[in-house]
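*Asks:* Spelled out from the first residue to the last, the chains are:
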Amino acid sequence: MKIEDVVCPFCGCLCDDLVVQVEGNRVVNVENGCTLANEKFMGDHRLETPIRRSGKKWERISYDEAIAETAGILLDADRPLLYGWSGTYGEAQTIGVHLAEVLGAVIDNTSTVCHGPSIMAIQEVGHPGCTLGQIKNRADVVIYWAANPIEAHPRHMSRYTTFADGFFVKNAFRERKVIVVDVRETDSSQIADEFVKVNPGGDYAILSALRAIVRGKRDIIPPNVEGVSREQLFRVAEICMAAKFGAIFFGVGLTMASGKYKNIRNAIELTEELNRHTKFTISPMRGHWNVYGSNEVFTWITGYPYAVDFARGIAFYNPGETTSVDILRRGECDACLVVASDPGAHFPRACAEHLARIPTIQIDPHVNATTHLSQIQIPVAVTGIDAEGTAYRMDGVPLRTRKLFQGSHPDDLEVLEKIYAIVREAKG
Amino acid sequence: MRVILKTRPREKPRIPIEAEEIIPQNFLRKNDMKVFEGNKERTLEDLFFVTIEGPAVSPDQVEVVLTGNTGMIKRVGEYMNAGRIIIEGDIGMHCGNFMSAGEIIIRGNADAWLGREMRGGRILCEGNASHYCAAGYRGEKRGMRGGIMEVKGNAGDFTAEYLSGGDVIIHGNCGDLPGVEMRGGTLVIGGECARPCGNMTGGTCMVFGKAQRVLPTFRSNGSQDMDYAGKRYRMNLFRGDVANRGKGTLMIRA
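Chains as they are written, first to last, in the working numbering: chain X, 1 to 428; chain Y, 429 to 682.
These are calculated hints, taken from the structure and not from any lab test.
Keep in mind that a hint or two might mislead.
[As the list claims (entries may be wrong)] Each computed DSSO-like pair below joins lysine-lysine, with the alpha-carbon atoms no more than 30 Å apart:
(1) Y:K468 - X:K217
(2) Y:K440 - X:K56
(3) X:K217 - X:K197
(4) Y:K440 - Y:K458
(5) Y:K440 - X:K418
[Unchecked claim] A short list of chain X residues far from chain Y (calculated; beta carbon distances all over 10 Å):
(6) V19
(7) T49
(8) S54
(9) G72
(10) P128
(11) E194
(12) M241
(13) D342
(14) P398
(15) Q406
(16) E417
A virtual CB, placed ideally from N, CA and C, is assigned to each residue, including glycine.
Take these sequences, add in the hints, and give me the full structure.
*Replies:* This is the structure in structure tokens:
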């Protein structure tokens, strides 16, 4: 059976034009997908049943047993951490937030290791953003700053920027100027009209210099700023100011470089400065699939987009203190529930070591690095393949994903609702 | 009155304690002080051996002394408005948040957000202070607004972020971006730092050590002599940050 207009469940692009061929309860072919999408749909590393660590071995247990034990561990904890959430859908994330509130837990999503600093900057100075559709149809200058879409978001350029013809940009490849700013040459920089190679950690200074140039303070700029010549900075500023509609996309190369959210704040303030001359927007290249959705869900329930601490019964937010990497590094939490993420692969070693020391439970369809740190793993359906739900694209547009076949696993929502029911009953 | 709080041994010593009730004025009128250990509410006596010596009729006559394993205790001295707190060892995050008067002396190191948005009073940290010393809360447009913050050792990144008033004196080194978004007050850095005063719109920052990666958006404005720690130094003057309105003053040792 061929299913059209399928939403991809891998990166923040949420490409919604895939054609997927299904035989029984297996995907056998994907059309229009990138390599990442093909692997996601046709990968076969699914865990069949819940497992529990028993000495040096794993033992299979029932779903009811795994769920009851998970609830018991979370109820016993004095500082539980609920982490992940970007690989699942909004309805399951909602239950996660309610569970955190009842438990007095910290709930955090993968923004903590990607675009959390972008959100902090947006909270300081706002967000002059727009949808990807606007950019596709209008932008004649596109800047990729510390991002490499060809490898990380393979269809971004073909669907929205460089190779995508738009309503007002009829011949995109020739009419759009592409500027890439990065610390090294990448596949994306190869196709740029202008490649700005910055010294590592030099982005903040470059952004400050561009702001000063756009403000008419050219005379202050020294001959070389962090490896970039003054002439090139003048040229980039002129391209931006001459644009009819410009769009900046930035990646984790900017959010996770030294200065972190101050880099993003500076980029936003450059965008605001450019808006005195023309129309310019700025958008983060969100990587984890529904991480934007987790920010949305957390915010509409708690007021904060990630790193929310319910220990005192009310929501408290302070990245650096309530973010999961910091909590784990300091050895604060005494139990952890990981949902739809793989901190074992992405977190620093000290954090992974603490996860291995405390009771860690993982709810995830696949065996991954976190499995090796966990006491219990509960396999679930994959959202967008054998579970449906709402996810948000990187520009904040919600899309409904589809269930392509009826699988044998419960989905995240079913498992979390059962845990929540036990916890709620125990708490009264 | 002298109140001595000695920490009791805990089963899970890494779980943070939130103890904003530990301020001098509360020991005059409260006898049921609560603190949080993780997500569990405890009495002060559950976590501390409490000894009270002598009388007091006003908060400024109260001295609170914390001893033992105090490095995971957060929010000590929050909203303090009189008296004195002496911490014999390290202290956790948010010590002296929003304090308006009184004195806090830390014999060891202080964790992040020391003196966050303080309005007055004095904090002396004899060891090192972590990130965001004398800074603002997330999303807040003004950080420390008054009082004196003195750190004998080093301070971390984003020291005095959003500084709006008062004096911050770091005798050792600072990390990255001290005085970022600064809009008033005075920041003195005795040692080294990197990228001082990004996006500053007002106030004065003096760096008596080496400033690395000074931003290109500061305009040179001559030099002058300054005294610091009993010595006279020649300082280069800059005005900036011209990426913004550029009305701050940055002085760096010549």
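*Asks:* Please list, smallest to largest, the hint numbers that this structure does not respect.
*Replies:* 1
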